[in-house]
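Colleague: Sequence:
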Amino acid sequence: MSKTIGVAEIKRRFSDVIGELSRDEEQFIIKRSGKPVAAMVSLKDFEIVEKYGRRGEKKGLLAAIGAWEDFEDIDWFIEHIYMERKKSKDRNMKGVS
Numbered sequence: 005m006s007k008t009i010g011v012a013e014i015k016r017r018f019s020d021v022i023g024e025l026s027r028d029e030e031q032f033i034i035k036r037s038g039k040p041v042a043a044m045v046s047l048k049d050f051e052i053v054e055k056y057g058r059r060g061e062k063k064g065l066l067a068a069i070g071a072w073e074d075f076e077d078i079d080w081f082i083e084h085i086y087m088e089r090k091k092s093k094d095r096n097m098k099g100v101s
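Position 30, counted from 1, in the sequence shown is what the numbering used here calls 34; the numbers after and before it change by one each time, with no gaps.
Keep in mind that the hints were calculated from the coordinates and are not lab data. Remember, predicted model here, so these are calculated numbers, not experimental data. No residue lacks a Cβ here, since even glycine has one placed at the ideal position from N, Cα and C. Be careful, since some hints might not be right.
Label pairs and their computed distance ranges (CB to CB) [to be verified]:
{"no.": "1", "residue 1": "Glu54", "residue 2": "Glu30", "range": "16 to 26 Å"}
{"no.": "2", "residue 1": "Trp80", "residue 2": "Ile33", "range": "43 to 53 Å"}
{"no.": "3", "residue 1": "Val53", "residue 2": "Lys91", "range": "40 to 50 Å"}
{"no.": "4", "residue 1": "Asp20", "residue 2": "His84", "range": "48 to 58 Å"}
{"no.": "5", "residue 1": "Thr8", "residue 2": "Leu47", "range": "15 to 25 Å"}
{"no.": "6", "residue 1": "Lys90", "residue 2": "Arg36", "range": "55 to 65 Å"}
{"no.": "7", "residue 1": "Ile34", "residue 2": "Lys55", "range": "16 to 26 Å"}
{"no.": "8", "residue 1": "Arg16", "residue 2": "Asp49", "range": "22 to 32 Å"}
Listed next, the in silico DSS-like pairs over lysine-lysine satisfying Cα-Cα at most 25 Å (straight line) [said to hold, decoys possible]:
{"no.": "9", "residue 1": "Lys35", "residue 2": "Lys7"}
{"no.": "10", "residue 1": "Lys39", "residue 2": "Lys15"}
{"no.": "11", "residue 1": "Lys39", "residue 2": "Lys7"}
{"no.": "12", "residue 1": "Lys7", "residue 2": "Lys55"}
{"no.": "13", "residue 1": "Lys35", "residue 2": "Lys48"}
{"no.": "14", "residue 1": "Lys35", "residue 2": "Lys15"}
{"no.": "15", "residue 1": "Lys48", "residue 2": "Lys15"}
{"no.": "16", "residue 1": "Lys7", "residue 2": "Lys48"}
All chains, full assembly: derive it from the sequences and hints.
Modeller: The following block contains the structure:
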């Protein structure tokens, strides 16, 4: 469950807030001047966001692109595929020289 809290209150109650987070009791939306600006979540929730959240929101082609983000040799790999395709005698590849 999320609880909305102002910056001044979170400063006053910091130890209590950390306690609630560590027990997985709450998630906090922090407001400044009435507008949400940040969130505080438990470490467990943060790890879930780090693992799934950012890429999990993408769909279709964006998800496929995201899956290759950490692949260091992607440029070499793609070039290698094209070179092998050019060598192939059983494929008619129009527009590829």
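Colleague: Decide, hint by hint, whether the structure agrees.
Modeller: Do the hints match the structure? See the list:
Between Glu54 and Glu30 the beta carbon distance is about 20 Å. The supplied range of 16 to 26 Å therefore holds. Distance hint for Trp80 and Ile33: a CB-CB separation of about 44 Å, consistent with the stated range 43 to 53 Å. Hint check: Val53 to Lys91, Cβ distance near 45 Å, so the stated range 40 to 50 Å holds. Look at Asp20 against His84: about 57 Å separates their beta carbons, and that is inside 48 to 58 Å.
Distance hint for Thr8 and Leu47: a CB-CB separation of about 21 Å, consistent with the stated range 15 to 25 Å. For the pair Lys90 and Arg36, the beta carbons lie near 58 Å from each other, so the given range of 55 to 65 Å is met. Range check, Ile34 to Lys55: Cβ separation about 23 Å, and the 16 to 26 Å hint holds. In this structure, Arg16 and Asp49 meet the distance hint of 22 to 32 Å, their C-beta atoms being roughly 23 Å apart.
Taking the CA atoms of Lys35 and Lys7, the gap is near 11 Å; set against the 25 Å cutoff, the hint holds. Only pairs whose Cα atoms come within 25 Å are accepted, and Lys39 paired with Lys15 is accepted, the gap being roughly 17 Å. Taking the CA atoms of Lys39 and Lys7, the gap is about 14 Å. The hint holds against a cut of 25 Å. About 24 Å separates the Cα atoms of Lys7 and Lys55, which keeps this hinted pair within 25 Å; it holds.
Note on Lys35 and Lys48: the hinted pairing holds, with a Cα-Cα distance of about 23 Å set against a maximum of 25 Å. With a C-alpha separation of about 12 Å, the suggested pairing of Lys35 with Lys15 holds against the 25 Å cut-off. Between the alpha carbons of Lys48 and Lys15 the distance comes to roughly 22 Å, so the proposed pair stays at or under 25 Å and holds. Between the alpha carbons of Lys7 and Lys48 the distance comes to roughly 17 Å, so the proposed pair stays at or under 25 Å and holds.
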